[in-house]
Amino acid sequence: GAVVSQHPSWVICKSGTSVKIECRSLDFQATTMFWYRQFPKQSLMLMATSNEGSKATYEQGVEKDKFLINHASLTLSTLTVTSAHPEDSSFYICSAPKGGAVEQYFGPGTRLTVT
Amino acid sequence: EDKVVQSPLSLVVHEGDTVTLNCSYEVTNFRSLLWYKQEKKAPTFLFMLTSSGIEKKSGRLSSILDKKELFSILNITATQTGDSAVYLCAVEGGSNYKLTFGKGTLLTVNP
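Quick note, the sequences are listed as chains A and B, same order. Just so we're aligned: 100 in our numbering is position 74 of the first sequence, and the numbers increase by one with no gaps anywhere. Just so we're aligned: 925 in our numbering is position 86 of the second sequence, and the numbers increase by one with no gaps anywhere.
Among the hints, erroneous ones may be present.
Stretches of chain B that chain A covers, calculated by requiring three or more beta carbons in the stretch to come under 8 Å of a beta carbon on chain A [to be verified]:
(1) 897-903
(2) 908-918
Straight-line Cα separation of at most 20 Å, SDA-like style, residue types lysine to any residue; simulated pairs [claimed, not checked]:
(3) B:K942 - B:S846
(4) B:K937 - A:Q55
(5) B:K880 - A:Q64
(6) B:K876 - A:T83
(7) A:K46 - A:Q32
(8) B:K937 - B:S890
Hints are computed from structural coordinates only; laboratory data are not their basis. All C-beta atoms, glycine included, are put in the ideal place defined by N, C-alpha and C.
Generate the whole structure from the sequences, applying the supplied hints.
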């Protein structure tokens, strides 16, 4: 089956620093990828849609200057959390639809802890 | 704004019981409804439903969609402890495969 990877799987950083999370589709090309955030015991909240070759589309309430998204190639999207604060600590998950399928393949997630 | 509501939010059963999880939705330009199982990490895909009244089945799990009443159910028969997880319902509406998730149902199966 299709595989999506994320790196790193977990990261601890200090307040004020930036963290980059990578999402890769390993055996298919994805012109679109999605970034979600999940707080403990809550559901996945869509943050933004990453579009290859163009700007990302952010959901209402998500600061685009804080969560920088770059979809540099058909297999790679990156999310950079800039000037991280403790309230940014969360589980970040990316997903990508394979080809024309609605079914999305999720990455294993990245747990970010900001101290 | 698209909306997905799951019930119950949590459920505790004994091994061997049968459970029914519910998902209702309001979405513009409905395209599909998906069920996922989430344990420790990322969700794993269970079913995708696009047509009313057609049951999808995989082992002890089955699901059906009612597009007139805007809901879906996920059934698990003869539950096992390994079924313990959060079950997420998501609906795709609009363009570009964007999914709106419900809050999930936390299922705990006790031995």
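Unsatisfied constraints (hint numbers, rising)
The structure conflicts with hints 1, 2 and 6, although it agrees with all the remaining ones.
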